Every structure is written in structure tokens, then in C-alpha cells.
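> Chain by chain, the residues run as shown.
Protein chains: 2
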Amino acid sequence: MLGTLSVIGIGPGDPELLTLKAARIIKESKVLCVPKGREEGSSLALSIVKKAVSIDGKEIIEAHFPMKKTRTNKLAADSDLDDKWNETVEVILGKLRKGIDLAFLTLGDPAVYSTFFYLYDKLLELHPELNIEIIPGVSSVNASAARAGISLGLGNDRIAVLPANYMDNLKTTLEAFDTVVLMKVNKVFNEVASMLAGMKLVENSVCISRAGMEDEKIFKDIRTVRQEELNYFSMVIVRK
Amino acid sequence: MLGTLSVIGIGPGDPELLTLKAARIIKESKVLCVPKGREEGSSLALSIVKKAVSIDGKEIIEAHFPMKKTRTNKLAADSDLDDKWNETVEVILGKLRKGIDLAFLTLGDPAVYSTFFYLYDKLLELHPELNIEIIPGVSSVNASAARAGISLGLGNDRIAVLPANYMDNLKTTLEAFDTVVLMKVNKVFNEVASMLAGMKLVENSVCISRAGMEDEKIFKDIRTVRQEELNYFSMVIVRK
Numbered sequence: 001m002l003g004t005l006s007v008i009g010i011g012p013g014d015p016e017l018l019t020l021k022a023a024r025i026i027k028e029s030k031v032l033c034v035p036k037g038r039e040e041g042s043s044l045a046l047s048i049v050k051k052a053v054s055i056d057g058k059e060i061i062e063a064h065f066p067m068k069k070t071r072t073n074k075l076a077a078d079s080d081l082d083d084k085w086n087e088t089v090e091v092i093l094g095k096l097r098k099g100i101d102l103a104f105l106t107l108g109d110p111a112v113y114s115t116f117f118y119l120y121d122k123l124l125e126l127h128p129e130l131n132i133e134i135i136p137g138v139s140s141v142n143a144s145a146a147r148a149g150i151s152l153g154l155g156n157d158r159i160a161v162l163p164a165n166y167m168d169n170l171k172t173t174l175e176a177f178d179t180v181v182l183m184k185v186n187k188v189f190n191e192v193a194s195m196l197a198g199m200k201l202v203e204n205s206v207c208i209s210r211a212g213m214e215d216e217k218i219f220k221d222i223r224t225v226r227q228e229e230l231n232y233f234s235m236v237i238v239r240k
Numbered sequence: 001m002l003g004t005l006s007v008i009g010i011g012p013g014d015p016e017l018l019t020l021k022a023a024r025i026i027k028e029s030k031v032l033c034v035p036k037g038r039e040e041g042s043s044l045a046l047s048i049v050k051k052a053v054s055i056d057g058k059e060i061i062e063a064h065f066p067m068k069k070t071r072t073n074k075l076a077a078d079s080d081l082d083d084k085w086n087e088t089v090e091v092i093l094g095k096l097r098k099g100i101d102l103a104f105l106t107l108g109d110p111a112v113y114s115t116f117f118y119l120y121d122k123l124l125e126l127h128p129e130l131n132i133e134i135i136p137g138v139s140s141v142n143a144s145a146a147r148a149g150i151s152l153g154l155g156n157d158r159i160a161v162l163p164a165n166y167m168d169n170l171k172t173t174l175e176a177f178d179t180v181v182l183m184k185v186n187k188v189f190n191e192v193a194s195m196l197a198g199m200k201l202v203e204n205s206v207c208i209s210r211a212g213m214e215d216e217k218i219f220k221d222i223r224t225v226r227q228e229e230l231n232y233f234s235m236v237i238v239r240k
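From first to last, the protein sequence lines stand for chains A and B.
Counted from 1, the first sequence has number 102 at position 102 by this note's numbering; the numbering is strictly sequential.
Counted from 1, the second sequence has number 53 at position 53 by this note's numbering; the numbering is strictly sequential.
Excised from the complex, chain A in its bound form (with noise of 0.2 Å):
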């Protein structure tokens, strides 16, 4: 019997922010799994988990994830990525192979960027039969939404997501949706500022940085971010 791959999205930060079946498997889980060489590392996910279950006496499994690694270049097959992709499936496949469960954690939900989806293709290839649970989490989108007290959509309302680290289309976006995220923001926040300044849009925006983080940072006035005080986990939401 193979164990169970449990995916579990923890939240955006806040430890209260895991859902009741994140902290339940969490606690019977022997074995965690954890991205490593991630944004701040895996010891962020592990210490936002650690204020709500106690992690104690766990296997901790620091996985690599190697961050360039894109499906459309899957048949790059022998690359050094692809060798790092490689011991992390057999790492985890070991667990499951003895019939051990394990439960892998992602920052936020694991649907919304999350790496693991590199890695899922992987393993559902090697092994069809495999027992993946995938546990949905509540989103850095959704929780940065809240802190600033506005909804990303109502009634007939069409929200756009974008990773916000190419500018292309943007000004098109942004003019077709009532909602527009722009994740990531940071590298980019200047180019995006004015351009919202161009469009009338400086009033419609709010930049969030680490909703629900002991340092979260709320810019009601977006005038007033400056672009290298923002880190990974910054977003623009724009609402008409």
C-alpha cells in the first residue's frame, strides 16, 4: 500500500488562517515536506505551521524545487534542474513507496502558484495510481483582500490575476476588467504605479505586502510605497 500525498495550502501567513483539515492532517502526518531554496526559505512555512500544531518529534523533508523550472520546458531532460526534480520525486515516492503519509506544505493556496504543480505532473506520470489529496488554502489574493477592506468582485464583476513581472498587456487588462492583482509586484511596482497614474487608476489602488504577516504593510495611498521596500509577497489590487 502506497501512502497518501496529502498537499496542504497553509494560508498566507497568519497561523489561525489554516483551515481545521490543514491543522488535522497536519498533526497526524509523521512526515512534513517542505520546499526548499524557496522565497525566504522552507523555514517560513514551517513557522507559521509551528504557532498552530506542534511539529515536534515530525520527520522534516526539505525538498528541492528548483525555481526555473517551467511544464514547457519539460524535455530540457537532462539538465541539472531536471536532476534535482528527479531526487526530490524519489525522495518522496521513498516515504509513499513504504506506505508512509506525507503531508506536503505550500504558502497560501497550492492552486495559486505553487511549485507543487511542477511536481504532481511528475509523480502522477511515474506512478497513475498515486493517492494525492490536494487541500485547499486560503490565498495571499483573497487574504490581502480583506486586510484592505475590499472585495475583488461583485455581482457581474471580472477579476484578472497576473504575476505582474511583464508589463505587455497590462494597460489592455486593465481597461477590460473591474478587478485587476497584480502578484508579485515588487520588481516592478514603478513601471505599474505609472501606468496606474497615466490611467486615472492611482485612487482604485491599494498595495498590500505580506497580508497577515507580523510585518504586513497596508498602502492605501500607493503614492506613498517606495518600490524597494516591497519584497516577494506584495501585491497591487485595482478596483473600479
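No wet-lab data here; the hints were simulated from the structure.
Small disclaimer: the values here were computed from a predicted structure and weren't measured.
Positions of the beta carbon are idealized from the N, C-alpha and C atoms, including for glycine.
Hints are supplied without guarantee of correctness; some may be wrong.
Each pair of labels, with its calculated beta carbon distance range [stated by the list, open to error]: (1) Glu229/B / Lys220/A: 43 to 51 Å; (2) His127/A / Asn169/B: 39 to 47 Å; (3) Lys36/A / Lys187/B: 44 to 52 Å; (4) Thr224/A / Gly94/B: 52 to 60 Å.
With chain A's structure known, arrange chain B on it following the hints.
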């Protein structure tokens, strides 16, 4: 001292998808408020919560949330709808003015199409000093993706969320975005399906009905869906 109004996302249906914070605040609240006259009535929100937290002895307020009200018709001041909204505002303020904390329950996440936000503006207009805390929850969008085992976005992917009750720009959006989530697809499913067929996106689509609820259905092949079997809590996720 005014009481605190906590607006609580209770998740999409599975009682275990309540957050620890939602469960705690509901436990601590003497008064729960649920919207009345919504799809499936207020009983749905209460029946979900009941399975996770005892609500014995709590006062339950069923507040009117007229469906058609939108921010843009604010000026229709003396309509029946406005009377009902004012009634709801008064019931809520009545409790808060007595210093009683109130937990307002919303399905999914409050920021995602919850009518609470119509009320939010009105409450803050009357009482700018009001303490309103919004507790984010697991949105049905994230839960549906988890249940279907698909990612909403990876890397630089662009995600669009549409209410799906108008077809106007659907083709353009399907062309421009990597993932398109069509909410409340029940009334337009056949139109959507034939557009997806025309765009050769049938293989990229999955239909999820009532994710996380006891009668959840997942259609990996959308050609097997019959529109009349779908209800309000149905969505199609198109993932290119």
C-alpha cells in the same frame, strides 16, 4: 463601545475547510448573522458551520440581502430594495451599538462575489469608526481547482475569473489568459461548451459542481455535462 463585526468566510462547503480563526470567532460570538433569501437560503451556511462548531444557544439573525442591489444603483433611494437594506443595516447596528460582537457568515471567501460588500459601504458611511474585521476563507475557486487536481496558475500565467453570466468578451478572454474560471456557469453552460468546442479547448476544461460539498461532482470531460443538472455552485475551469 461599539461591538465588533466579524465578516467570516466559512469556505466552500466542507466544514473542515473553516479556518482556525473562523472556528474560534464563531465559538466566541453570541450572535451569528446569515444572509436570508440567498441561493439555497441561509440554512446552508449554518448547516456547514454546525458540523464544525456548536452553535447551540447562539442568537441567529437572518438578514435580508436583496439580490439585485448593486453599487451603481445607490441612488434608487426609495425603492423596496433600499428599505430591505436599511432594515438589515439597522438590525446589525442595533446589536453593535449595544456592544455586542456579531459574526456575519459568508460562504467561500468574503472578497469573492459576497454581497456583504454592499452592506460594508453602507455601514462605514453611517459609522466610519466601526470595527469591521474581514476574515478570509477558502474560496470555491481554489477548492474547485484542488478537487479537480489542477493548478490555476504557474510561473507567469495569467488568470481570469468571470461570473460567466454574460458571454460578450469570453472569446477574447479565453485567447488572452492561460486560465479562465467561469463561475456560476449553470445558466450558460451550453453556450460556453460550444464556444470551447469551437476553440478546441474541450480537453483543457473541467466542470466542477459544489466543490467540497457532499454532492460534489467533477466532470473531467465536459461533454458529459447536462446543463439542467448544474446549479448555482458550478464552475468551469479552462486551463491552457
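> Check the structure against each numbered hint from earlier and tell me which ones fail, lowest number first.
Number 4 - this is the single hint that the structure violates.
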